[in-house]
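J.: Protein chains in written order, with the UniProt record's numbering: chain G, 1 to 260; chain A, 1 to 266; chain X, 1 to 266.
In case anyone wonders, no lab produced these hints; they're calculated from the structure. Ideal Cβ placement from N, Cα and C applies to all residues, glycine included.
Sample of chain X residues at the chain G side, in silico, Cβ under 10 Å:
#, residue
1, Leu6
2, Pro7
3, Lys9
4, Pro10
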Amino acid sequence: MIEFKNVGLVYPNGTEGLKNVNVTINDGEFVVIVGLSGAGKSTFIRSINRLVTPTSGSLEVDGENILDYKGKNLRKLRTKVGMIFQNYNLVKRSNVLKNVLAGRLGHSGTLRSVLGLFKDEDKALAYESLKRVNIEEKLYNRADELSGGQQQRVSIARVLTQQPKYILADEPVASLDPPTSHQVMSYLKKINKEDNITTIVNLHFIDMAMEYADRIIGMRAGEVVFDGPVSEVTEKTFEEIYGRSIREDDLRGGADSVEE
Amino acid sequence: MSKNKSDSLSMYPVKTKKQVTLIGLIVLGMYLFSMFWTQREMVGGFSGALSNMFQVLEKFFPPNLSVLSAIMGPLFQTIQMAIIATTIAAIITVPLALLSAQNVTTFKPLYVATRTLLNLLRTIPDLVLAVIFVGLFGIGIFPGILALIVFSLGILAKLISETIESVDMNPLEAMRASGANTLQMIYYGLIPQVLPQYTSLVLYVFEINVRASVVLGYVGAGGIGLLLNQQIGFYNYPNAMAIIVMIFVVVLVIEYISNKIREALI
Amino acid sequence: MAALQLPPKPKNSLYKKIKGILIFLIVAAIYIWTFVSIDIDFAKAIEQVRQNFGNVISGLFQPNWAATGDVALSMLETITIAFAGSLMAAILSIPLAFLAANNMMGGKIGSAVGKWILSAVRAFPDIILAILFVVAVGPNPFAGVLAIAIGSTGMLGKMFSEIIESIDMDVVQAMQANGANRIQILFFAVMPQVIPEFLSYAIYRFEVDIRASSILGIVGAGGIGTMIFFASSNRDWSQMGTILLGIIIVVTIIDFASAKIRRKIV
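Pulled out of the complex, with its shape left as it was, chain G reads as follows:
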């Protein structure tokens, strides 16, 4: 369970990233955060694994306040919380297997991992994860040989190998075309249901949010302006969140080609 209690975040330059956020996310939920860029979605997500640190309030993950975590505790938190990025964040020159194994780093001893001595279970786990996103045949290809969609699947495999309890995805489909976007979201949804991993995704495409989310949180200017199950959401809700009428580019489209 993740609990935001009166969480606020002011960046050193004075911009307010989060304002008095109170949100509880239950285990197993698939939550989509929507909002315009700069609305604080990314800050919200990155607070959970402390890539950014809120400056007020308390943020509890599994009942423990994580805001004063340092060093070892912080790394332990991060092994529990996996993250997927917009730009995949793979080491382009390393092969797929090595990239996926990087997900195990938090679980492995420094010396062992620096010598490249991953346990056989870790390797098997990595391979298993690649299979789940159907990209196991690219095992020994270099990451820069893959297409964008394939790279994002590798980064999902990396997160799976980490065996997290939570997955954070920061605009995971913003750099992909519509069919590939749906493919990636389907994998995230499937993993959420099969493994019961709580998943929090930032999106700015309305149609995708509606299609995949259990619950939607709307943000504007660092504040949570909507929080409710998908069934309560209408076009009007989005207009309120965005503070303007809905436009063509708020939609991803291409929902028919999911079968691919």
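Keeping the supplied structure of chain G fixed, place chains A and X upon it in accordance with the hints.
T.: Frame of chain G, contents of chains A and X only:
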């Protein structure tokens, strides 16, 4: 493009034209002064020198290749000095480059201090380093090697820190987000991205060191320079030319090999 | 977790394997050869450094202020050598670069010839060029200018030709399509693309040449190197301190100015 007040339309703004003309004139003036200053002590002047240049250079030919066997020893010594110096510099450079890379060393005073030290180091010519080390350790190859190490360290650490600063930090962020510690991040995120460039730069510095080590012999820091200096001193130009030809060949061969290795890496 | 079932790694070809082993063996052999045959007398070096340390270091840190004027004049000479040399090189390398670039006039053969000339020139260390020119035009700063000019032409020509090869050829095609002749294409499509980078590299080369020209005096080619030579033969360390200070100041100022100008250009 802006319009002039006059009727014709100029391709460039008048201000730009004026600036370019002014800069051109300054450069020309500095050039003329430089030419005057460097030739002021010359007997016969520029034209006199150029006309008999080829006559004089003829004295170098043909190179006396019978001395080759005597050259080999010092020549190999020169290469060995460059190998040792490059190897040691390549090792010491790693921490220095990390410390002077802004994206790794986030503690600013440390970064600034390392940067300043390296900048200072790079202003000192190899010859001066050699003179100082010879003064400290006496004549021999040891001061020569030290001079090459310090000399190449300044260049290498700067180039490598720039490479480190240009790496893609995203994968490192991903590793941090999954709980990796700093060492693991460097090993899995940084090294694979930097390694090809690192090797290439080390080879480049090796080439520089081979060239630089020629000058060391002039101040008693070992290598082929001593022999060359002696032969020129005795006006034994064909022998000197044999040495020059050999240095030329060695530099070409080393450049060829390191280019091949570089191509294989990328 | 089930037993490890990774698919087999794609096998490297036999050729690649042999190549890898061969390279490893050669590198190992080179290192063994180097460390077996290099002969450093550490005991002597340590004894020497004990005797000389105080003398050398205290001298270096107590510059001889009386020599300031001489050092300043010598540095001025060094700057003029570097300036005239780099400017000559920048001009000389333009035609050579166009010849060597594979997308310009030369065609395959021309490009190969141009590249060959440039790499042959590059293979001569500056100091060797200086020796040759000192014999040719006498021991004066102008020999230094010529050495720098030729030495820099090799490097600048290579850089320039790479810049030319990387230009956007679509513009050239567009101009060909609307009937421009070769000279017009050169001035309207090629030059605008390459000139800022040419300038930037030429200015950078001036930085390098300041360092290079500061050592040429050791073979009689003028500049501060002459003073280095005398100070080192007289073991006059406080004089050396003044020289070192002069070099550091001038090189730092020029590096700074050049970086600033280059940032403005590109």
